[in-house]
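Heads up: the protein sequence lines correspond to chains A and B, in order. Residue 1 is where the first sequence starts when you use the numbering used here, and the numbers rise one by one after that. Residue 107 is where the second sequence starts when you use the numbering used here, and the numbers rise one by one after that.
Calculated directly from the structure, the hints in this document are not laboratory data. If you're wondering where the values come from, they're calculated on a predicted model, not measured in any experiment. A virtual CB, placed ideally from N, CA and C, is assigned to each residue, including glycine. Heads up, a few of these hints could be off.
Said to hold, decoys possible - Looking from chain A toward chain B, a few residues come up when the C-beta cut is under 7 angstroms (computed):
| no. | residue |
| --- | --- |
| 1 | L53 |
| 2 | V58 |
| 3 | F59 |
| 4 | P65 |
| 5 | A66 |
| 6 | S68 |
| 7 | L73 |
| 8 | V78 |
| 9 | Q81 |
| 10 | G83 |
Stated by the list, open to error - Label-pair restraints from in silico Cβ distances:
| no. | chain 1 | residue 1 | chain 2 | residue 2 | range |
| --- | --- | --- | --- | --- | --- |
| 11 | A | G31 | B | V150 | 20 to 26 angstroms |
| 12 | B | N139 | A | Q81 | 24 to 30 angstroms |
| 13 | B | T228 | A | K10 | 23 to 29 angstroms |
| 14 | B | N139 | A | D92 | 23 to 29 angstroms |
| 15 | A | D84 | B | R141 | 41 to 47 angstroms |
| 16 | B | N139 | A | V105 | 44 to 50 angstroms |
| 17 | A | I6 | B | A149 | 15 to 21 angstroms |
| 18 | A | Q39 | B | Q142 | 23 to 29 angstroms |
| 19 | B | S187 | A | G55 | 19 to 25 angstroms |
| 20 | A | Q93 | B | A144 | 31 to 37 angstroms |
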Amino acid sequence: MVRVLINAPKQVRAGQAFEVKLLINHPMESGQRRDTFGQAIPREIIHSITCTLGGQEVFQADLFPAISANPFLAFWAVATQSGDLTIRFTDDQGTTQTDSVAIAVV
Amino acid sequence: MTASTTPLPLARRRFVLTALAGTTLPTLGARANPRQVADLIRAVTGATPVQTGKVTLDLPVLVENGNAVAMTITIDAPAGSVRALHVFADGNPLPEVLRLRFGPASGAPRLSTRIRLADSQTVTALAELADGTFWQDRVELLVTLAACLE
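With the sequences and hints as input, model every part of the structure.
Structure below.
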């Protein structure tokens, strides 16, 4: 389990776009670095993130080693009814983690 | 005569090839190059021409630390009309940075993130619109402290 911060408004208006900020605590080891003994440090990144809102896809992203450590993503979503904003991501070890916050449409 | 003249050009050819290999191959292995990015763009677009405009790639022109460079991409098109977004960096060890598909719950075709840049280079943002057109923006920037070294 890695620490995930999702910054989204708790209440939104239907049909009005709002910004979501996502921060995942992850080293995003690029696979390009060497340790002190000259051995290559194996790649260990989050390579795929999917964001859904009330079951509908907001975006699906493939990340490459060029994304900085502790990946930060800010994007815009729009809701028509109350539901969960869900972030689902997979790392190189095949571990998938899901985090969500509730968004209420007022 | 023919037996003595043929080995000479071959030896010279070998010498030239090894000299070329010594100068160009290590840099090819370490960094991507603009041709690789052009190939990747062609793999995405196919035969469709890429137009400049609509996409705004916001990156600092002078980067002090390549480990985390704030990048914002805004596409001047209504939400739902942008199919995908690609980002390429032609001076990184791997030219691909990000590939993103916008879904029906996307509120605006806009994204901010932080990227690594290994060297002074050109970054390209390519957007695919729902009408099948491709738009791009490029930023050429200077990196004083490169990522990926230590």
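Discussion item. Taking the earlier hints as the rules, which of them does this structure contradict?
Written reply: 9, 10, 12, 13, 17
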